[in-house]
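Number of protein chains: 2
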Amino acid sequence: RASQSRTSQPRAPRVITSLTNERVKAIRALDMRKERRETGLFLAEGTSILETARAAEFVPQTLVYQAGSASSLVARLLISWALEAGGEVLEVSQAVLSKLSSKDNPQSMIGVFQQKWATLPERPARGDTWLALEEIRDPGNLGTIIRTADAVGAKGIILIGNTCDPYSREAVRATMGSVFDMPLAKVSREEFLVWRASWPGDVVGLHLDARDDFRHAAYKDPVLLLMGSEGPGLSESLTRSCSRLVKIPMAGKLDSLNLAVATALSLYQIRGDALSI
Amino acid sequence: RASQSRTSQPRAPRVITSLTNERVKAIRALDMRKERRETGLFLAEGTSILETARAAEFVPQTLVYQAGSASSLVARLLISWALEAGGEVLEVSQAVLSKLSSKDNPQSMIGVFQQKWATLPERPARGDTWLALEEIRDPGNLGTIIRTADAVGAKGIILIGNTCDPYSREAVRATMGSVFDMPLAKVSREEFLVWRASWPGDVVGLHLDARDDFRHAAYKDPVLLLMGSEGPGLSESLTRSCSRLVKIPMAGKLDSLNLAVATALSLYQIRGDALSI
Ligand SMILES: [Co+2]
Ligand SMILES: [Co+2]
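Here the protein sequences come in this chain order: P and Y.
Each residue of the first sequence is one higher than the one before, starting from 1 at the first, in this note's numbering.
Each residue of the second sequence is one higher than the one before, starting from 1 at the first, in this note's numbering.
Hints listed in this document are in silico derivations from the structure and should not be mistaken for laboratory results.
Nothing here was measured: the structure is a model prediction, and the numbers come from that model.
Please note: incorrect hints may appear among the correct ones.
To be verified - Counterexamples of contact, computed for chain P against chain Y with all Cβ distances above 12 angstroms:
#1 Leu-30
#2 Arg-33
#3 Lys-34
#4 Glu-35
#5 Arg-123
#6 Trp-195
#7 His-216
#8 Arg-240
As the list claims (entries may be wrong) - To spell it out: a stretch of chain P is covered by chain Y in this simulated footprint if at least three of its residues, at any positions, have a beta carbon under 8 angstroms from a beta carbon of chain Y; those stretches are:
#9 138-152
#10 259-273
Beta carbons are placed, not taken as given, at the ideal position from N, Cα and C, and that holds for glycine.
Make a model of the complete structure from these sequences and hints.
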């Protein structure tokens with residue numbers, strides 16, 4: 001009977017106070033895109049966003065907290081979650097947390113997670129909305145867009161071509177946790193165009209030369225919304241791949257909106273009927 | 001006759017190559033909010049945003065450009081504009097421009113301008129829309145909101161209480177030039193509440209506890225849209241000052257949108273009928 005009860009004992013937190021500790025350096029290195037690409041890892045900071053990770057059934061490879069700061073219920077819950085899942089838990093000094101944190105007054109926890117990449121949807125259902133972003137450059141915009149796509153119940157986001165990294169610290173922070181909920185796929189322009197041929201509904205592109213008001217178009221379901229990058233907008237080849245081009249009206253001399261704003265207006269227009277208080 | 005032709009000769013650019021030059025230090029100091037408050041000045045960077053300043057009939061106190069970079073028509077036009085208006089024009093070395101610029105590869109011009117503050121509107125006309133923001137904290141959000149308010153043809157923005165600075169470099173950049181077009185007023189919560197009593201139309205607040213969908217409410221014109229700060233939302237006293245509370249519907253577990261996104265959705269809803277392609 002004794003031999004049956006070899007339940008794996010949750011490991012205890014490991015204490016680190018040295019700024020030159022190898023684990024500290026390895027976590028800090030995840031601020032570099034190259035390191036994130038090679039390891040497939042990323043950082044998420046703050047108990048609220050870590051709660052979202054837990055609800056989405058992610059498991060931290062590493063969870064870092066400051067010694068003496070883990071007395072709250074939320075903090076203890078997060079530490080148990082990491083230990084029970086076999087994650088590494090590091091109890092660090094204030095100096096170490098400051099080094100790992102992007103905040104001036106870090107009082108919070110940091111988790112290290114495995115990135116998760118989705119594949120392109122093969123059979124989108126009626127009512128599904130997907131969003132595709134061509135060469136988006138600003139991580140704050142990308143994070144905000146992921147948050148908004150989650151808010152309207154989009155099924156996923158396709159990142160096309162040379163885009164900024166949704167797993168950068170700035171992008172993750174701007175998602176407010178939605179990075180753990182929203183499927184993200186990443187493809188080349190060529191892969192996108194091949195796949196797009198089988199999309200059964202409208203592919204809607206926002207374009208300055210369009211003549212249709214985005215509010216007055218009837219979209220064929222399921223809808224794929226296609227947004228170009230900040231500044232240049234949609235490339236020629238992706239513009240041609242759209243079944244509809246629409247435009248957001250503006251007053252006065254302005255000819256463009258912030259990309260996250262334009263995407264939000266479009267997503268609420270497309271998803272409007274599916275949303276209610 | 002000779003005495004009649006004393007037209008003031010446009011001054012020539014002044015050449016600066018020293019990083020420790022007093023003018024360079026004074027311009028650099030405008031990155032500090034305290035310095036902007038004391039001098040009433042702010043920085044705007046990039047020829048496109050400087051073109052907007054010129055169109056809005058601002059005049060630069062100082063215009064900085066890199067030696068050898070002013071051969072384009074736009075650059076020469078901007079230099080003439082500054083010189084003819086009696087502004088100081090500084091031709092600087094690449095090292096000096098790098099010190100003054102927020103960009104990694106500055107190739108552009110920097111202008112120093114006088115801040116402009118509007119007063120609260122006394123008699124809003126029918127069809128006018130104003131936006132009021134309580135204690136907004138993120139300069140990127142504020143800049144994006146100024147840009148969006150310009151895009152929908154709002155008449156102005158009221159900053160209430162302890163807000164971030166619309167004239168910070170980050171906010172100005174996010175406005176993409178709209179900071180030169182959009183009237184900005186700044187008041188305490190008390191001043192706002194006194195003034196609000198005379199607002200003839202609806203004061204619409206976005207609030208999580210609201211039961212009305214923001215899309216289905218009929219707003220009484222002129223509309224003042226009131227948005228709370230990131231996170232806490234509208235304070236009690238400002239919530240009570242609203243004639244209508246509305247909410248943006250969301251899917252799933254999320255309970256909030258990015259503030260610039262929520263403001264944009266609300267402004268397009270309110271201003272929708274006034275906008276067309
Ligand atoms: Co979520
Ligand atoms: Co303008």
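Hint check results:
1. Every CB of chain Y lies more than 12 angstroms from the CB of Leu-30(P), the least distance being 22 angstroms, so the non-interface label holds.
2. Chain Y leaves Arg-33(P) outside its interface by the beta-carbon criterion, the shortest separation being 15 angstroms against a cut-off of 12 angstroms.
3. Here Lys-34(P) stays apart from chain Y, with its beta-carbon at least about 18 angstroms from theirs, past the 12 angstroms limit.
4. Every beta carbon of chain Y lies more than 12 angstroms from that of Glu-35(P), the smallest distance being close to 20 angstroms; the non-interface claim holds.
5. A cut-off of 12 angstroms between C-beta atoms confirms that Arg-123(P) is not in contact with chain Y; the least separation is 21 angstroms.
6. Distance check on Trp-195(P): its Cβ is at least 25 angstroms (rounded) from any Cβ of chain Y, clearing the 12 angstroms threshold; non-interface status holds.
7. For His-216(P), the requirement that its beta carbon stay farther than 12 angstroms from each beta carbon of chain Y is not met, with the minimum near 9 angstroms.
8. Arg-240(P), annotated as away from the interface, keeps every beta carbon of chain Y farther than 12 angstroms; the closest lies near 21 angstroms.
9. Counting residues of the region 138-152 of chain P whose beta carbon lies closer than 8 angstroms to any beta carbon of chain Y gives 7, which meets the minimum of three for the stated coverage.
10. A count of 7 residues in the region 259-273 of chain P with a Cβ less than 8 angstroms from any Cβ of chain Y is obtained; the coverage claim is therefore met, three being the minimum.
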